[in-house]
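Trainee: Chains A and B, in that order, give the protein sequences. UniProt numbering puts the first residue of the first sequence at 1, with every later residue one more than the last. UniProt numbering puts the first residue of the second sequence at 1, with every later residue one more than the last.
No wet-lab data here; the hints were simulated from the structure. A portion of the hints provided could be inaccurate.
[Claimed, not checked] Taking CB as the label site, the calculated pair distances span:
1) I193(B) x N26(A): 46 to 52 Å
2) E67(A) x Y26(B): 47 to 53 Å
3) N26(A) x I131(B): 26 to 32 Å
4) N26(A) x L339(B): 31 to 37 Å
5) E3(A) x D5(B): 21 to 27 Å
6) K52(A) x E362(B): 27 to 33 Å
7) A28(A) x F253(B): 52 to 58 Å
8) F357(B) x A25(A): 53 to 59 Å
For each residue, glycine too, the CB sits at the ideal point set by N, CA and C.
The lines below spell out each chain.
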Amino acid sequence: MKEVDARGLSCPEPLMLTAAALKGANEAVKVLVTEPHQKMNVEKYAKDHGKKTTSSEIEDGFAVIIE
Amino acid sequence: MNLSDSKKKLAIAGVICGLVAACLAYFGNPANMAFCIACFIRDTAGALGMHQAEVVQYARPEIIGLVLGAFIISAATKEYRSTAGSSPMIRFILGMVIMIGSLVFLGCPLRMVIRMSAGDLNAWVALIGFILGVGTGVFALKNGFSLGRAHITNKTSGVVLPALMLGVLVLSTATTLLKASEAGPGSLHAPIIMSLIGGLIFGAVAQKSRMCFAGGIRDVMLMKNFDLLTVIGGLFVVMLIFNIATGKFVLGFNTPGIIAHSEHLWNILGMYAVGFAAVLAGGCPLRQLILAGQGSSDSAVTVLGMFAGAAACHNFGLAASGTAMNAETQEIVAGAVPLNGKVAVIICIAVCFLIAFTNKREKA
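Only chain A is shown next, with the shape it has when bound in the complex (with noise of 0.2 Å):
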């Protein structure tokens, strides 16, 4: 599973590295941020483009595991 650490960074960071990543994936992406916010953001730019997300709390934020 390909991995974004997008923790600490300030917006749109988290975003650009999850597109970044998801551009011609063929696997699970994992996306970790710190804000509550970034989270919804990728969620909801995964559904935007057709993927399913199911996220999780971590210690210093959330995973979001876009498939």
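For chain A, the structure is supplied; the task is to place chain B on it using the hints.
Mentor: Frame of chain A, contents of chain B only:
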């Protein structure tokens, strides 16, 4: 509660904030300043004695309310995160740039939209500069610009700015230590309790909707996402209706009652600097206050930069003057940007370029 998951909710968030701004303008805030982050930070800096411009000194409860509103709602909805460590001193400089650019144009991006809704064509001219500035910031982001990672830090660090704001509120209501203008824009304000409640509501709604004036344009350019622009659209429509209904909509370059000037190049360059710096800092002046309220010490440092920028503007003669009527001669005196202000804006833009192309994202 989530106000950011549909365009309808985002538009409603914009409408609520527009109504708050319209109410405060109706009940005494300066004409078409209504709810200007830059102007109000400048006034608060004056109240604290950071500058000595007597007509713009007043501890604006709106600024205090914004930070506290964002703090309370983020704590209540478990979105408060105490973070720090993403190039704080660069963010301080960006805060100064945002304030200097804003005071050369005479308004933050929020006030630019409010001025646009009153028919002020100077604000529409400045919008060109703002869009170009945001575009330059987007270009930098695409080229790998980053101020680096913030980290989770001691919980109390994120509480410092909200606590300081509460302290300013106590000083302004319970003591005579703070300065308050007796004439000029600083003397015009809605009742304190109304301004405070307005700020709290605006702050809470802005936190939940992620409202950001730079982000709205940035997201359209970067990923054709119109979500944040929808919030601004809602606010613009409410202010437009308010201005038309109260007879304050006048299309032209010298709209009566609006503190503004018609030096087009400097309106464009001022807002260019603001748009550029706001994208680099991750949000407009309003968004910085909200992020600071929800625990970001980095944004709190940007806010301190804005206070320092406001002080520099009035201590070193950088701020523009608005077109106004001379009370004695009854002649209209055109507003202007002083030479110091022009030099400062050029330096600010150069600094933005330096920051934009020397700070790169670490390789994964």
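Trainee: Now tell me, hint by hint, if it's right for this structure.
Mentor: Hints and how they fare:
no. : hint                         : verdict
1   : I193(B) x N26(A): 46 to 52 Å : 59 Å, violated
2   : E67(A) x Y26(B): 47 to 53 Å  : 52 Å, holds
3   : N26(A) x I131(B): 26 to 32 Å : 38 Å, violated
4   : N26(A) x L339(B): 31 to 37 Å : 60 Å, violated
5   : E3(A) x D5(B): 21 to 27 Å    : 26 Å, holds
6   : K52(A) x E362(B): 27 to 33 Å : 30 Å, holds
7   : A28(A) x F253(B): 52 to 58 Å : 56 Å, holds
8   : F357(B) x A25(A): 53 to 59 Å : 29 Å, violated
The structure is inconsistent with the numbered hints 1, 3, 4 and 8, although it conforms to all the rest.
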